[in-house]
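> Please take these sequences and the hints and turn them into a complete structure.
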Amino acid sequence: MRGEAEQWTGAERLMATLYLTEEQTTVKIEGEALRLQMPRGQERQVVRVPLAKVDQVVVLGNITLTTPALQALLERGIAVHYLSARGRSYGSLVADWGKNSGPRLALYALYTDLPRRFAAARQCVAGKLINMRAVLLRYARNREDNAALLEAVQQIRAALRALARAQPPAQLATDDRMGGLGELFGIEGSASAAYYGVLGLLLKPPWQFVGRVRRPPTDPVNALLSFGYSLLTNQTTALIQAVGLDPGVGLLHQPGFGKPALALDIMEAFRPIIVDSVVITMINTGQLTPGDLEEELGAFRLRDRARRTFLEKFEERLNERIRHPVFGYQISYRRCIELQVRLLAKYAQGEIPRYVPFTVR
Amino acid sequence: MHAREPIPLAMLNALAYCPRRFVYEHVQGEMLLNEHVVEGALLHAGIDLGGTVWEGERVQQRRVYVWSERLGLVGFCDLVETQTGAIYPVEYKKGRPRRWFNDHAQLCAQALCLEERLGITIPRGAIFYFAARRREVVEFTATLRAEVEALVAQAHALALAGRLPPPIEQRARCRECSLEPLCLPDEVEQLAQEHAIPAWEESEL
Ligand code: SF4
Numbered sequence: 013m014r015g016e017a018e019q020w021t022g023a024e025r026l027m028a029t030l031y032l033t034e035e036q037t038t039v040k041i042e043g044e045a046l047r048l049q050m051p052r053g054q055e056r057q058v059v060r061v062p063l064a065k066v067d068q069v070v071v072l073g074n075i076t077l078t079t080p081a082l083q084a085l086l087e088r089g090i091a092v093h094y095l096s097a098r099g100r101s102y103g104s105l106v107a108d109w110g111k112n113s114g115p116r117l118a119l120y121a122l123y124t125d126l127p128r129r130f131a132a133a134r135q136c137v138a139g140k141l142i143n144m145r146a147v148l149l150r151y152a153r154n155r156e157d158n159a160a161l162l163e164a165v166q167q168i169r170a171a172l173r174a175l176a177r178a179q180p181p182a183q184l185a186t187d188d189r190m191g192g193l194g195e196l197f198g199i200e201g202s203a204s205a206a207y208y209g210v211l212g213l214l215l216k217p218p219w220q221f222v223g224r225v226r227r228p229p230t231d232p233v234n235a236l237l238s239f240g241y242s243l244l245t246n247q248t249t250a251l252i253q254a255v256g257l258d259p260g261v262g263l264l265h266q267p268g269f270g271k272p273a274l275a276l277d278i279m280e281a282f283r284p285i286i287v288d289s290v291v292i293t294m295i296n297t298g299q300l301t302p303g304d305l306e307e308e309l310g311a312f313r314l315r316d317r318a319r320r321t322f323l324e325k326f327e328e329r330l331n332e333r334i335r336h337p338v339f340g341y342q343i344s345y346r347r348c349i350e351l352q353v354r355l356l357a358k359y360a361q362g363e364i365p366r367y368v369p370f371t372v373r
Numbered sequence: 003m004h005a006r007e008p009i010p011l012a013m014l015n016a017l018a019y020c021p022r023r024f025v026y027e028h029v030q031g032e033m034l035l036n037e038h039v040v041e042g043a044l045l046h047a048g049i050d051l052g053g054t055v056w057e058g059e060r061v062q063q064r065r066v067y068v069w070s071e072r073l074g075l076v077g078f079c080d081l082v083e084t085q086t087g088a089i090y091p092v093e094y095k096k097g098r099p100r101r102w103f104n105d106h107a108q109l110c111a112q113a114l115c116l117e118e119r120l121g122i123t124i125p126r127g128a129i130f131y132f133a134a135r136r137r138e139v140v141e142f143t144a145t146l147r148a149e150v151e152a153l154v155a156q157a158h159a160l161a162l163a164g165r166l167p168p169p170i171e172q173r174a175r176c177r178e179c180s181l182e183p184l185c186l187p188d189e190v191e192q193l194a195q196e197h198a199i200p201a202w203e204e205s206e207l
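Going line by line, the protein sequences match chains A and B.
This note's numbering puts the first residue of the first sequence at 13, with every later residue one more than the last.
This note's numbering puts the first residue of the second sequence at 3, with every later residue one more than the last.
Read the hints as simulated data drawn from the structure, not as lab findings.
What you are looking at is a predicted structure, and each value in this text was computed from that prediction instead of being measured.
You may find that some hints are simply not true.
Stated by the list, open to error - Sample of chain A residues with no beta-carbon within 12 angstroms of chain B, all distances over it, derived:
#: 1; residue: R173
#: 2; residue: A318
#: 3; residue: Y359
Claimed, not checked - Label-pair ranges, simulated between beta-carbon atoms:
#: 4; chain 1: B; residue 1: A194; chain 2: A; residue 2: T230; range: 55 to 61 angstroms
#: 5; chain 1: B; residue 1: R147; chain 2: A; residue 2: T124; range: 46 to 52 angstroms
#: 6; chain 1: A; residue 1: L184; chain 2: B; residue 2: P167; range: 32 to 38 angstroms
#: 7; chain 1: B; residue 1: A194; chain 2: A; residue 2: R88; range: 32 to 38 angstroms
#: 8; chain 1: A; residue 1: G89; chain 2: B; residue 2: H197; range: 57 to 63 angstroms
#: 9; chain 1: B; residue 1: H197; chain 2: A; residue 2: R333; range: 25 to 31 angstroms
Built from N, CA and C at the ideal position, the CB exists for glycine as well.
In structure tokens, the structure reads:
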């Protein structure tokens, strides 16, 4: 896997995702290739990336793509994601939706069908809980002092039992701001608290983690998690758009301004096994040190070199091939996410009776 | 009532191959670009230029627009040849002659359109397979014509209903189908049998 990654200063093509990371880079189109012009001081380096080798582009920071370059990318259905240097998403540029409105309409119909929507939302929560539990169990097996971990596993198990019993309200109160899903949010919240409460125990000192803090992350581990979740959100959003669904209409997550609610639904199950495990592994193997993050007014960000390593590990994880838990064949995690999107569309269209979450043992 | 939208001739080929594929491509506008599709488009590019060539007795017209009001069909013939009074359509396909009858159906539908336009009878046409580099002559028998008429009726019915039919039984076709990664025939079949799915609610957590 490593061997396939090509690297240049400020631009890494890791498998099919082109990450543009060098500030002040200009990207033009030149025949069938992108021409990346690095800023002065970088020996005015020029890099050419064949379009055929790119599935999507992630732009981190102040980088310019010319209109012809963007047009060439959109023409080939290659999405361009704009992120801040910290990983906060500004949005994506994607090719026009096809005429495929059937799945979208089915999704909207599902959104207003509370029992069926509740069932799918419950599966999204279940996927997350089952995979959080799997991550903790994996680490608990390899250590002596695992009482706290096993305690958290018990709490997650209790949450899963409660989840199995949860029922949608027979009638939706007009002032129900949770859209009838309040119980699911409660269960998800308590299990997540148990999980994040012990996540710090999995990290080698001096790394510390006391709990999840978002917007802005006020410690290095939260900064790493947030960065990883942003990348995962982008990947998932792009896949949803490619399938032709509306990423803004979620089943568990409420639609909100600029929120890719459906992407958040789908990725719940993938957070622990993709992002959390990459963060834990990088920390414990010394691939990241506390000095790789710099503090800026109380918020943390990854320094350039470390960010590059992080992107590389993240892509490696997405491209890692595993045996699919339900279908039994070997596929990459990235294709697993795509399959979940397609299965959700098929559930919305009534082709399959149940949305099955992606879970690992 | 909706006015009946004409069905593109190329979509008949998809339908003859698999009804689900027809709805994906014609109704939902799905098209996965895999190497076969791209290669096919490149091979076609040479033919798609249009124009007429005279070669002695033989007149070749490329990329001829044809349609049938009676059947509600529209599309292009890659090539229409006229030789000593006889007219016949020629379709170009990448690959080799195949076991499915979809290419034959598409060609015969072209002939039906030409017949309606010109008021003649066209007894046969040909398919040129690039990989085999040879022409296969196709007789437009009464049986083939009846099959094509039934296919056209089915196309209009599916287009009107808009719903995805289930995956086809002949999985050998799925293995050669560019839409398999989104159609997921095996996966849908497995998940449609609810009892076959491992459910976390019932498992020993
Ligand atoms: S994969 Fe099989 S069922 Fe699906 S469209 Fe192709 S041929 Fe039809």
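> It remains to establish, for every hint, whether it holds in the given structure.
Cross-check of the supplied hints:
no. : hint                                  : result
1   : R173                                  : 7 angstroms, violated
2   : A318                                  : 35 angstroms, holds
3   : Y359                                  : 9 angstroms, violated
4   : A194(B) - T230(A): 55 to 61 angstroms : 48 angstroms, violated
5   : R147(B) - T124(A): 46 to 52 angstroms : 47 angstroms, holds
6   : L184(A) - P167(B): 32 to 38 angstroms : 35 angstroms, holds
7   : A194(B) - R88(A): 32 to 38 angstroms  : 34 angstroms, holds
8   : G89(A) - H197(B): 57 to 63 angstroms  : 38 angstroms, violated
9   : H197(B) - R333(A): 25 to 31 angstroms : 29 angstroms, holds
The structure fails to meet hints 1, 3, 4 and 8 from the earlier list, while all remaining hints are met.
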